[in-house]
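Chains as they are written, first to last, in the working numbering: chain A, 1 to 500; chain B, 1001 to 1500.
Keep in mind the hints are simulated off the structure, nothing from the lab.
Fair warning: there could be bad hints in the mix.
Claimed, not checked - Some chain A residues flagged as far from chain B (calculated, every beta-carbon gap over 12 Å):
1. P183
2. G240
3. F316
4. E471
Claimed, not checked - When the alpha-carbon atoms are kept at most 30 Å apart in a straight line, the in silico DSSO-like pairs for lysine-lysine are as follows:
5. A:K11 <-> B:K1016
6. B:K1318 <-> A:K90
7. B:K1341 <-> A:K16
8. A:K206 <-> B:K1016
9. B:K1151 <-> B:K1341
10. A:K37 <-> B:K1341
11. B:K1037 <-> A:K37
12. A:K8 <-> B:K1016
13. A:K496 <-> A:K389
14. A:K318 <-> B:K1011
15. A:K16 <-> B:K1011
16. B:K1090 <-> A:K16
17. B:K1206 <-> A:K37
Glycine is no exception: its CB is placed at the ideal position from the N, C-alpha and C atoms.
Here's the letter readout for the chains.
There are 2 protein chains.
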Amino acid sequence: MTLEQARKDLKTLQAKLSAYRHALGLISYDGSTAAPKQTASNRAHSMPILSEAVYQLTTGPETVALLEFLDENRAALTEKERRQVFLLLKDLRFHASIPLDEFLAYRRLLVESDDVWHRAKPANDFASFAPYLEKIFDAKKRFASYAAPDKDPYDFWLNEYEAGLNTAVCDRFFAAVRSGVVPLLKAVMEAEPVSDACILGDFPEKEQEELARSLMDFIGLDRGHVGLSATEHPFTTSLGSHFDTRITTHIYRENVSYSLFSVVHEGGHALYETGGADDLAYTVLDGGVSMSIHESQSRFYENYIARSLPFVRAVFPKIRELFPQQMRGVSPEQFWAAVNKAQPTLIRTKADELTYSLHVMVRYELEKRVMAGDLAVRDLPAAWNALYKEYLGIDVPDDTRGVLQDSHWGGGMVGYFPSYALGSAYGAQFMARMKETVDVDACLERGDLSPVNAWNREHIWQYGKLYPPQELLERVLGGPFDPGYYIRYLEEKYRKLCRL
Amino acid sequence: MTLEQARKDLKTLQAKLSAYRHALGLISYDGSTAAPKQTASNRAHSMPILSEAVYQLTTGPETVALLEFLDENRAALTEKERRQVFLLLKDLRFHASIPLDEFLAYRRLLVESDDVWHRAKPANDFASFAPYLEKIFDAKKRFASYAAPDKDPYDFWLNEYEAGLNTAVCDRFFAAVRSGVVPLLKAVMEAEPVSDACILGDFPEKEQEELARSLMDFIGLDRGHVGLSATEHPFTTSLGSHFDTRITTHIYRENVSYSLFSVVHEGGHALYETGGADDLAYTVLDGGVSMSIHESQSRFYENYIARSLPFVRAVFPKIRELFPQQMRGVSPEQFWAAVNKAQPTLIRTKADELTYSLHVMVRYELEKRVMAGDLAVRDLPAAWNALYKEYLGIDVPDDTRGVLQDSHWGGGMVGYFPSYALGSAYGAQFMARMKETVDVDACLERGDLSPVNAWNREHIWQYGKLYPPQELLERVLGGPFDPGYYIRYLEEKYRKLCRL
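Looking at chain A on its own, in the form it has when it is part of the complex (with noise of 0.2 Å):
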């Protein structure tokens, strides 16, 4: 093998990996958006035999020659070449290190248990769940000891998710928003309730998709190359390369601020997928790094800069055309206050700024424990309804509206909650970060997000996979991560907001 020939081979097999993924994220978006409600089973057919071959392209002897030989060249590659030949070879050696048989058990394993999540949840049935979860934590602490044996197996999954990423950076992340955070929501709740009333009413889906389709424009994406759908839950995905990305969100009638904040925070993911730079496309490098770092920027955009106030004061004129009845007497600072109210409620995926933290914190302890061995599966009801009492203050009534209410612990997903709450208090510090160098509030008032969005993609769109993202942070940041930034924007929204 040349070295000539090896460096065109690994371009080649990337641009068949992105055909394959094209296809499989196309016939799953598809699934959740134009197919007819009965052809699951048809997706089912073909996912599993393109899969296979993904499978066969990434780990087969011609792939591991082809890789090892480039890594023995390592010196002689270019740096966006090693860093894809050490992603690929990661990915290599995770499923090298672990028992064919027990990856395919563990696969059949999966598509069981999202079928049991699935009915058990409304049927409040954890007791039905609890083995098929004990079953993927198992599985889960098998295979970090197979491919890292001397390794914490929760901090090897926290890294696999978060290169850079363990259990001592997530408890010192966590206290901080537990002593920061706990304490604020008590004192905002003591406050004067913020009224929500004008968020709340009659808003048809014409105009709410006219709006949808205005905030893209506004925060700079691209529609020539970014899709809207709408799907039973928001998603992002991209298709192929950063060229196609589809963004989805729900339109409910009775309130206008689920789709306009779902839009701006799936359309931060947009952005920071679709500024990539150009060449990274058809390779491992294209798409953001990390779920934490891809967080960050749809937090960024749905938080920091969305429900500010002079982001609000720039689009109001347009909810007003658009809603003429239902925006009568209302001022955008009644609308700011309205999407800004916080409350401990039940569900994560509906909740405010201020308790999000608070929902991931508990998932996060709980599979700490539960990883550690220091709770059993069956005993993950009542530590979770404890906490939620601890940390939000709230009773929780069933499994449906508790422990079970995720479907990522039934899909494998041990260790990726923390990224959700990383990812905001990132946001805070690059928020602290580019206002050294960007008006961001003139630039929001006069409708202008050209510059912030100059700024994220110099320093973090651009280079799609190329840093890790602990590497990345450290760049952008110009030191370490302080959960600080994150705290102190809470506490002084919230005290501005709630007048405490």
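Got chain A; can you put chain B on it based on the hints?
Leaving out everything else, chain B in the frame of chain A:
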């Protein structure tokens, strides 16, 4: 290789092919429906990679060995397996007959040609397109001579799109069309004009969408398995198997009939696809057997069912409910007359039921002459215009609305056009046959198409590609195809409509 293993491998091969075709079909469908406007280059990255995988699967050495082994042992196979092996081998042998470099050059030619055609058509610039078209006709002749040296090249391609079809059959058919339809059209044009005022006006999208969905239900489509989307040009596609079929329509606010009949036309295709026996799914026997048979079903529902007076009477209450202003004072009979108005026009895809076959006949005669070497590509525009004058009695003002209007020739589809007209004619004879045992008018009047659909399912749909089209035709008809049914149907209908 054991027979048992080979039969398993045959099944696996077809399952894989269906998954890749699911992916390719969906990427293409997405490009016409949900994809953002500037993402074509992204699909152009992925589709050749997945197509290449299909090519490897269908022509690779393992597949050759498998199919030849099964072909040698065909006596031990089921009827369905024999047909699967036959169809896969046919495809394989065709590709094996063409030198790979010529095949790849041809694929590149088609990409270029399509691009040139897209620019030449609006620019009314046939001269820029002619060199590509010459090369395409040359390639079609050459490939036919490789694959079937003893056969007339045009006959070869007719037979490729419709096994059993040849110039002799087409000549007989079009002679009947010429002698029947040309004078009938002349008489219609001399009669008192039919008014189509009631279908023109302003028909908002939302109500037309509801009409489309109610028509889907009315003709018996299962919307759990058949989706509806909006596209520039309507089409039908099945994704992965007949368990997931999509139809599309194009709504024109100013004309209520376009989308109405488009939905029923595509709905006919979708009834055929989804009516296949379940065990055809994920094999090469799934889906319609040929373009002619497919058109026989789409035009059956569009013309023989939906443009009939009993059908119009049955759906008219729904139309009046959705468009009370526009339908004020309009009777079902007037609506029926309006949607059957015939007149010579320039564009095939917008032609009415009476003139449609004349448009096709022009194309048939021209491509036959070019393939025989009797007409040079550069002389196509003049010959086109002369035939439009002769058959339709109209002058073609430019090539944009003349010889450049269709994408087929530039896309390498030579020998394909006749099936559009043959399908209509098959449909007329199917209807006559069906009426021997089913009281179709009574079904339409009481709004119950299930006996009609059951007949089509029993005689046509369930078989997928199991029988070659001409054999299927003879089975359904219990005798040879006779274009007289079609001509007599048109004569009766237009005599009644125009009081000739």
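Right, here's what the structure says about each hint:
{"no.": "1", "hint": "P183", "in the structure": "46 Å, holds"}
{"no.": "2", "hint": "G240", "in the structure": "5 Å, violated"}
{"no.": "3", "hint": "F316", "in the structure": "28 Å, holds"}
{"no.": "4", "hint": "E471", "in the structure": "29 Å, holds"}
{"no.": "5", "hint": "A:K11 <-> B:K1016", "in the structure": "25 Å, holds"}
{"no.": "6", "hint": "B:K1318 <-> A:K90", "in the structure": "61 Å, violated"}
{"no.": "7", "hint": "B:K1341 <-> A:K16", "in the structure": "52 Å, violated"}
{"no.": "8", "hint": "A:K206 <-> B:K1016", "in the structure": "41 Å, violated"}
{"no.": "9", "hint": "B:K1151 <-> B:K1341", "in the structure": "42 Å, violated"}
{"no.": "10", "hint": "A:K37 <-> B:K1341", "in the structure": "38 Å, violated"}
{"no.": "11", "hint": "B:K1037 <-> A:K37", "in the structure": "26 Å, holds"}
{"no.": "12", "hint": "A:K8 <-> B:K1016", "in the structure": "27 Å, holds"}
{"no.": "13", "hint": "A:K496 <-> A:K389", "in the structure": "27 Å, holds"}
{"no.": "14", "hint": "A:K318 <-> B:K1011", "in the structure": "57 Å, violated"}
{"no.": "15", "hint": "A:K16 <-> B:K1011", "in the structure": "25 Å, holds"}
{"no.": "16", "hint": "B:K1090 <-> A:K16", "in the structure": "28 Å, holds"}
{"no.": "17", "hint": "B:K1206 <-> A:K37", "in the structure": "21 Å, holds"}
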